[in-house]
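Colleague: Given chain A, put chain B in place with the hints provided.
Protein sequences appear in the order of chains A and B. Note that numbering that gives the first Met the number 0 has the first sequence beginning at 0, numbered continuously upward. Note that numbering that gives the first Met the number 0 has the second sequence beginning at 0, numbered continuously upward.
Bear in mind the hints are in silico, worked out from the structure with no lab data behind them. Any given hint could be a false lead.
For identical chains, the list gives no copy identity; a pair is met inside one copy or between any two copies.
To be verified - Derived pair list, reagent style SDA-like, types lysine to any residue, alpha-carbon separation capped at 20 Å: (1) Lys194 x Gln246; (2) Lys194 x Ser270; (3) Lys216 x Arg193; (4) Lys216 x Phe191; (5) Lys229 x Asn207; (6) Lys168 x Gly178; (7) Lys99 x Thr115; (8) Lys229 x Tyr206; (9) Lys229 x Arg203; (10) Lys311 x Ala280; (11) Lys168 x Leu179; (12) Lys194 x Asn207.
2 protein chains.
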Amino acid sequence: MSGSITLEQVCNRLKKQDNILILAHQNPDGDTLGSCFALLYALQSMGKHARVECSDPFPLRYQFMFPDYVPEQFTEQYIVAADIADTQLFGKNSEKYIDKVDLCIDHHPSNTFYATETYLVADAAATAEVMMDVIDGLGVSLNLAMATCIYTGISTDTGCFRFSNTTAKTHRAASRVIGLGVDNAEINREMFGRKTQSRIAIEREVYNTMEYHCDNKCAVICMTQEMLQKAGADDSELEGVSAIPCQIEGVEVGVTLREKEGGYKISLRTSRYIDASEICAQFGGGGHARASGCFIKDTLESAKQKVLAVVKKAFAAAQL
Amino acid sequence: MSGSITLEQVCNRLKKQDNILILAHQNPDGDTLGSCFALLYALQSMGKHARVECSDPFPLRYQFMFPDYVPEQFTEQYIVAADIADTQLFGKNSEKYIDKVDLCIDHHPSNTFYATETYLVADAAATAEVMMDVIDGLGVSLNLAMATCIYTGISTDTGCFRFSNTTAKTHRAASRVIGLGVDNAEINREMFGRKTQSRIAIEREVYNTMEYHCDNKCAVICMTQEMLQKAGADDSELEGVSAIPCQIEGVEVGVTLREKEGGYKISLRTSRYIDASEICAQFGGGGHARASGCFIKDTLESAKQKVLAVVKKAFAAAQL
Chain A
0 MSGSITLEQV CNRLKKQDNI LILAHQNPDG DTLGSCFALL YALQSMGKHA RVECSDPFPL
60 RYQFMFPDYV PEQFTEQYIV AADIADTQLF GKNSEKYIDK VDLCIDHHPS NTFYATETYL
120 VADAAATAEV MMDVIDGLGV SLNLAMATCI YTGISTDTGC FRFSNTTAKT HRAASRVIGL
180 GVDNAEINRE MFGRKTQSRI AIEREVYNTM EYHCDNKCAV ICMTQEMLQK AGADDSELEG
240 VSAIPCQIEG VEVGVTLREK EGGYKISLRT SRYIDASEIC AQFGGGGHAR ASGCFIKDTL
300 ESAKQKVLAV VKKAFAAAQL
Chain B
0 MSGSITLEQV CNRLKKQDNI LILAHQNPDG DTLGSCFALL YALQSMGKHA RVECSDPFPL
60 RYQFMFPDYV PEQFTEQYIV AADIADTQLF GKNSEKYIDK VDLCIDHHPS NTFYATETYL
120 VADAAATAEV MMDVIDGLGV SLNLAMATCI YTGISTDTGC FRFSNTTAKT HRAASRVIGL
180 GVDNAEINRE MFGRKTQSRI AIEREVYNTM EYHCDNKCAV ICMTQEMLQK AGADDSELEG
240 VSAIPCQIEG VEVGVTLREK EGGYKISLRT SRYIDASEIC AQFGGGGHAR ASGCFIKDTL
300 ESAKQKVLAV VKKAFAAAQL
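This is chain A alone, in the form it adopts within the complex (with noise of 0.2 Å):
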């Protein structure tokens, strides 16, 4: 454990490295996987040696960032991880890298300070957004290659420039690596824009259970195992299902029951004023105030009423 460095000491150090190994976060998205790739392209075309690991695969949507990577063998001299913000987020086939890492390149601000040496920018969007700098800084020339990762990773963490965290340097950066040819429209497609058809059967499914309770201030959705069945979904694509009832212009807070062996698997989501950690700690869950989670063994319609039961009591108390 140990401090920040500066861009320009940051620079430096890879400068005099070889044989680097850049580490990805586990469960790996677009900023992790934009971020290490960007800088093995950028150390690559310096005449290092450089590799990227991950304890999980890498995932298909992500592989045009790296269509052809073939890994190069070295033992590693100096360890670098990007986006990484916490050693438990190495994952079991990187654990045995954990207390050897020279440098960590973050942008979150709850980063643990776990590596030798870090460089934390706390305000970019992404640690992409960081890289850049840093490809800068070595005095590389941003290539396409290189520039599609930045892309890629300041476009997924940002929600596609939508979140709070992106700004008017994230903007200029996203500018600057569209006028070197990024194909932005098609990676925002592939990242945002698409829906597999069962995905729109599930959504239909999931609508046609839509409940409002509470003066229409509690929404609430429901998925049975028929229901996945019927839309030939698996759950990779129900990912963001739980969200939808709390999107709803004036509601409060969203339910969703979902059917799992013996009982249902509840998320609770809320907008602004209720806790729903403290709604879920009643029935033995929890999470975060604005996202939280429980298990009730019931019947459908019986764990929907006891959920509601606490919801109203909930509005009652903060006077809603």
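Modeller: Just chain B, lined up with the frame of chain A:
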């Protein structure tokens, strides 16, 4: 009907004029309103009298751009249309101005040059992007109110920087207005993150009409007046619905048929290969390569079959 003028000429015209009426298109969206109000604020800051008019009421969701708007009363001496590609888009209450438009500022390649003079920037992502250049050309210093309008126009017309119309220049514009203090995250939350109950209801109705054709490469949805009534949805809640079919994995052509007086309005979106404007041109419509529209005077089923026939031909011609 007349020709194109340059940015310099646009600014010279506006500098000389007073009592300027600025027109938005019917079913106003973020770009037409953002463009109109940005120009309004710029002209007013020059000491001129100006007023924005639209055939339809300004939707509630856009009123953050003009919270205290009270239209100035005067007899118009100069009429500017902003983001209105075609006289068909004026709407009933603005029809009286169709032959009197002195200047049209637009970004639609399908613009019909109905105005006396037209400033068309066909590669701009939004008319709001063009309007920023106009305001600069007028020598007006962009303030937060104008910047908020510009951002909203750009963000809504690009699907929050997702679509292929988003260029390096678009991001530079966004960077600049965010630098002026635009609350981009809040605007995006309101524009993209919230759905009304009736919007959810219309999506459910629309999902229930989803059909796949041409080996699942074409998806079709319908919106009838009955469905809209059942869902309690009005026009302002339908934005983006016509993008749904083309978002489905493997779909190249997405078709939306929407019941209007005497027939069906067709919205056509394409992913990559097929020119949507060519298909719509067969029915007297037009637009962009990836998003076009037309009107077919016919019953739902017959209109659908007519469009599908042309779509099939386009697939055959493209060898898809």
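Colleague: All hints are to be evaluated individually against the structure, with a verdict given for each.
Modeller: Hint check results:
Taking the shortest Cα distances, Lys194 and Gln246 sit within 20 Å of each other both inside one copy (18 Å) and across copies (6 Å). When the C-alpha separation of Lys194 and Ser270 is checked against a cutoff of 20 Å, the pair qualifies only between copies, where the shortest distance is 13 Å, while the shortest distance within a copy is 25 Å. For the identical chains of this complex, Lys216 and Arg193 are inter-copy neighbours only, at 13 Å across copies versus 30 Å inside a copy, given an alpha-carbon limit of 20 Å. Taking the closest pair of Cα atoms, Lys216 and Phe191 come within 20 Å of each other only across two copies (19 Å); inside a single copy the shortest separation is 27 Å, beyond that limit.
For the identical chains of this complex, Lys229 and Asn207 are neighbours both inside a copy (13 Å) and across copies (14 Å), given an alpha-carbon limit of 20 Å. Taking CA atoms no more than 20 Å apart as the test, Lys168 paired with Gly178 passes in both settings, with 15 Å inside one copy and 9 Å between copies. Within a single copy, Lys99 and Thr115 get their C-alpha atoms as close as 8 Å, which meets the 20 Å cut-off; across copies the closest is 71 Å, which misses it. Proximity of Lys229 and Tyr206 under a CA criterion of 20 Å is satisfied in both settings, with 14 Å inside one chain copy and 15 Å between copies.
Within a single copy, Lys229 and Arg203 get their C-alpha atoms as close as 11 Å, and across copies as close as 16 Å, so both meet the 20 Å cut-off. Within a single copy, Lys311 and Ala280 get their C-alpha atoms as close as 15 Å, which meets the 20 Å cut-off; across copies the closest is 55 Å, which misses it. Proximity of Lys168 to Leu179 under the C-alpha cut-off of 20 Å is found in both arrangements, the shortest distances being 17 Å within a copy and 12 Å between copies. For a Cα distance limit of 20 Å, the shortest separation of Lys194 from Asn207 qualifies both inside one copy, at 18 Å, and across copies, at 16 Å.
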